[in-house]
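Engineer: Model the placement of chain L on the given structure of chain C, informed by the hints.
2 protein chains.
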Amino acid sequence: MTTDLCGLNFFGHQWQGKEAGFARFNPQTNEQLPERFAEADASDVNAAALAAEQAFWAYQQTSDTQRAALLNAIANELEQDAELIVPMAMLESGLPEARIRGELGRTTGQLRLFAAVLTEPYDTFLMDEANPGRTPLPKPELKLGQLPLGVVAVFGASNFPLAFSTAGGDTASALAAGCAVIVKGHPAHPGTSERVTRAIARAIDATGMPKGLFSLLQGASPALSTALVEHPLVKAVGFTGSLKVGRILADRCALRPEPIPFYGELGSVNPQLLLPGKLAADATSLAEAQVNSMMMGHGQFCTSPGLIITVKGAGLDTYLAALVDNLTAQSANAMLSQGICHAYNSAVETMLSEVDILAQGQAAQAAHQSRPLLAKISAAKLMAKPELLDEIFGPFALVAICESHAELQALVAALPGQLTASVHGQEDEVAAFADIIQRLSFKVGRIIFNQMPTGVEVARAMNHGGPYPASTDSRSTSVGTEAMKRFVRPICYQNMPDSLLPEALKSTSTRLKRF
Amino acid sequence: MTTDLCGLNFFGHQWQGKEAGFARFNPQTNEQLPERFAEADASDVNAAALAAEQAFWAYQQTSDTQRAALLNAIANELEQDAELIVPMAMLESGLPEARIRGELGRTTGQLRLFAAVLTEPYDTFLMDEANPGRTPLPKPELKLGQLPLGVVAVFGASNFPLAFSTAGGDTASALAAGCAVIVKGHPAHPGTSERVTRAIARAIDATGMPKGLFSLLQGASPALSTALVEHPLVKAVGFTGSLKVGRILADRCALRPEPIPFYGELGSVNPQLLLPGKLAADATSLAEAQVNSMMMGHGQFCTSPGLIITVKGAGLDTYLAALVDNLTAQSANAMLSQGICHAYNSAVETMLSEVDILAQGQAAQAAHQSRPLLAKISAAKLMAKPELLDEIFGPFALVAICESHAELQALVAALPGQLTASVHGQEDEVAAFADIIQRLSFKVGRIIFNQMPTGVEVARAMNHGGPYPASTDSRSTSVGTEAMKRFVRPICYQNMPDSLLPEALKSTSTRLKRF
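Line order of the protein sequences matches chains C and L. Under UniProt numbering, the first residue of the first sequence carries the number 1, and numbering increases by one thereafter. Under UniProt numbering, the first residue of the second sequence carries the number 1, and numbering increases by one thereafter.
FYI, nobody ran anything at the bench for these hints, they're computed from the structure. Some clues are possibly wrong.
Given that identical chains are not distinguished, each listed pair holds provided it fits within a single copy or across any two copies.
Stated by the list, open to error - EDC-like cross-link-like pairs, simulated, lysine to aspartate or glutamate; straight-line CA separation at most 16 Å:
(1) K139 <-> E120
(2) K244 <-> E258
(3) K385 <-> E457
(4) K376 <-> E503
(5) K139 <-> E457
(6) K312 <-> E403
(7) K485 <-> D205
It should be emphasised that the depicted structure is a prediction, and the values quoted were computed from it without experimental measurement.
In isolation and in its complexed conformation, chain C is listed as follows (with noise of 0.2 Å):
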């Protein structure tokens, strides 16, 4: 049961809210869950947005121990509070407790990690030292530091109740980086980001973080997220859902008095691309890690591949039917949400009146479950409809058929933005796709050699983001530690002395590495 929960928003470090509001569903019966939710307005999201940005004055002068502390600490109180989490989690989203449970994990990992950062030896920073005797002109000192920008507002995922959600990624980073987060919580996981957030709150207290640091905001009213990108005191956006959702509030933030940063990360069909030595020799397996990489989470991975790419040749009609039979075996599931079942089957629907159904898993046992699905098309036809080119977002790819290696060409010049493609191939036959493979390079955010996209490792060199329309900003990522550097931006420190820089900017800082 799920009686804990008192169904109000959080900030200024308390439970607030008016009377209980919207509803949320059981994705796997389609029925309505009992508690409801206050719906937070914009009088809440100017009491947060001042609250927060009190906490930020003082929340940016504590060191990075501390704030290596606070992260460490939300990761055990997450651990602490897993069998309160876990459920919720899986009853909100309806996927399995393996899954959810692995989530945690990259959850508190990925939390450790960025306190891991703040406590390791800096690099050196950029200098430039003074010459007083420099003719025309004498040369200041220089010094590179940054700065957190401020109060960051961050979109819960529907596919991610944990790791893209109220402790998730952007959070983690954003507070790494010294910034006061408001997490407007998805309105299909409310309970999750309830209990998510009485565990950050128990952290801010143990650490003793400034009150107000952390907000959740619930609702699912479009105007409460206006109403947050939209605020004076909201600095950057981080934003994990739809290309259509992320372009509004991406426009809102443009077109603000003071325009700010929104990093949305929106997702793509990451094209498969199978060069024909490799189809050769391994179609079958690469119809098995095909099918199995698109069904991760029903395919509501932003990175699932939902694209393709092959050239007419031995292999093709191996691989075709092996595909056939792994999406032959898949069952129809239950998706996050009605909406985005809604939306898939009726993306399918008019998708199908295009191309030509190559196969179908298991029948629906009902309404709100959706039926995996692979069709293919001729590439030709393809690049003449580029809204094909679109993502479904679901258990849904599409079989792309080039007839040459111009054709092959021309279609991968073609891509829109990608947060990812992969490139199946053999060692021996790249290098006569070097210049395909290099082009493709320029349309992602991650170019793989071998392995399915799915599974985006939170690590330093990873980059989950990639150009437009796969991402809003493709000079960020949102996904590893470098993640961090969305919030916090540059200023040059001119002949300032020691006892007004930064410690990392101190000539008797400790934790500089010395090379």
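Structural biologist: Showing chain L alone in chain C's frame:
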């Protein structure tokens, strides 16, 4: 004489264009100069963009050493043409010879600095090693690289006809990053732009770089600017100019079907915070430094100190009297253009309805000259009229007088974003103002101790930018070697064989620093 000018536009490595269109003025005499220049239109933009994109695909494959050779060749060709370029820039800008010669040196130095950075050893890149035995999932190898964005549009600035124009910092950093460049020349100095372009074109020939890599489009119409930033093949924009125009173009970039980064460096009032001890000790020299700095380029520097923040106390009267002495001796002078002069006079007139005149320079001898001016206001009144914090581009500065430490704190907190601020203080008094100084740092891109803000060093640790409205993207600098980062974006290479990796990431790379 200037008869070598063709008055056309340069794209596809040829001078092309229609009948002569717009004219420009000699700012010193306010007389129209004889030549006319073809106004580029949307079809020229399209042709330039197509040629630039084609060149980009070749150029991005060049090595860092080849790019460095191009940048050095441009610097050499500019020096070779110094006796053509310098007189033309003087004629079109009205700036004195020493200043223009200095600016040419800054421009060639900037190109060579980027070349030097390109051929230095790399820092070790970010990498995660594979762990095939990890459970539950193997860990892939990840290497983090970067890719140039594509074709970059650069808008030349009126106030630096060389260092921030055709072959200026934006062009140098975009070429260093591996991008193709289309410059929209400032219509006040088209002859200078043409002569600089001839030098660039020879450097492209001499180093065998792809034709189309660099274009110059001349024009005075907003339609040209709009067509350029909205062209689908343009992937980023560098701009130095006014808030008004910068914001219009920034919004256009944000609302494109594919939004692109717009790096607008827009200027600010660059507050000078005079701490009481320093004011008491050094009133006279502070006043002299202030007037010298604000009169550089007749106040037409984006880092011109336009706001002086003081607290009532010892030294203030002496300081104000010394300001009067110093400013009264300053001459009126022509500005960079009639439009800028008109805007200055009009802004000063509006300002004078709210502030008290402190001192005026010598009276203007003609309608196209502007007269230096210092004014004063109470901090309370200034905070009540925040529009008085808007930049007035020209030889104007406002002295704000605070009654107390608390009022100083409030005024600093109320400041909009700035390129720079200086703190003038004694070492033994800064501790008492540490909170205010830290708050000031959050308003600026560069914070300076006991030096004036004019003179932006081209260096590794420089940051020339700042929170809006000083710039449109506080995460970047338009001066210094970090400026290259504006025109690249990250890419993760997962499990890629050496043969498919860029030179810098190969396991055989010889240019990595090995610590």
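Engineer: Now look at each hint and say whether the structure bears it out.
Structural biologist: Results of checking the hints against the structure:
Proximity of K139 and E120 under a CA criterion of 16 Å is satisfied in neither setting, with 32 Å inside one chain copy and 22 Å between copies. For a Cα distance limit of 16 Å, the shortest separation of K244 from E258 across copies, 13 Å, qualifies, whereas the shortest one inside one copy, 23 Å, does not. Taking the shortest alpha-carbon separations for K385 and E457, neither the intra-copy value of 33 Å nor the inter-copy value of 51 Å comes in at or below 16 Å. Proximity of K376 and E503 under a CA criterion of 16 Å is satisfied in neither setting, with 58 Å inside one chain copy and 37 Å between copies.
For the identical chains of this complex, K139 and E457 are inter-copy neighbours only, at 8 Å across copies versus 44 Å inside a copy, given an alpha-carbon limit of 16 Å. Taking the closest pair of Cα atoms, K312 and E403 come within 16 Å of each other only inside a single copy of the chain (6 Å); across copies the shortest separation is 81 Å, beyond that limit. Taking the shortest alpha-carbon separations for K485 and D205, neither the intra-copy value of 26 Å nor the inter-copy value of 39 Å comes in at or below 16 Å.
In summary, the numbered hints that this structure violates are 1, 3, 4, 7.
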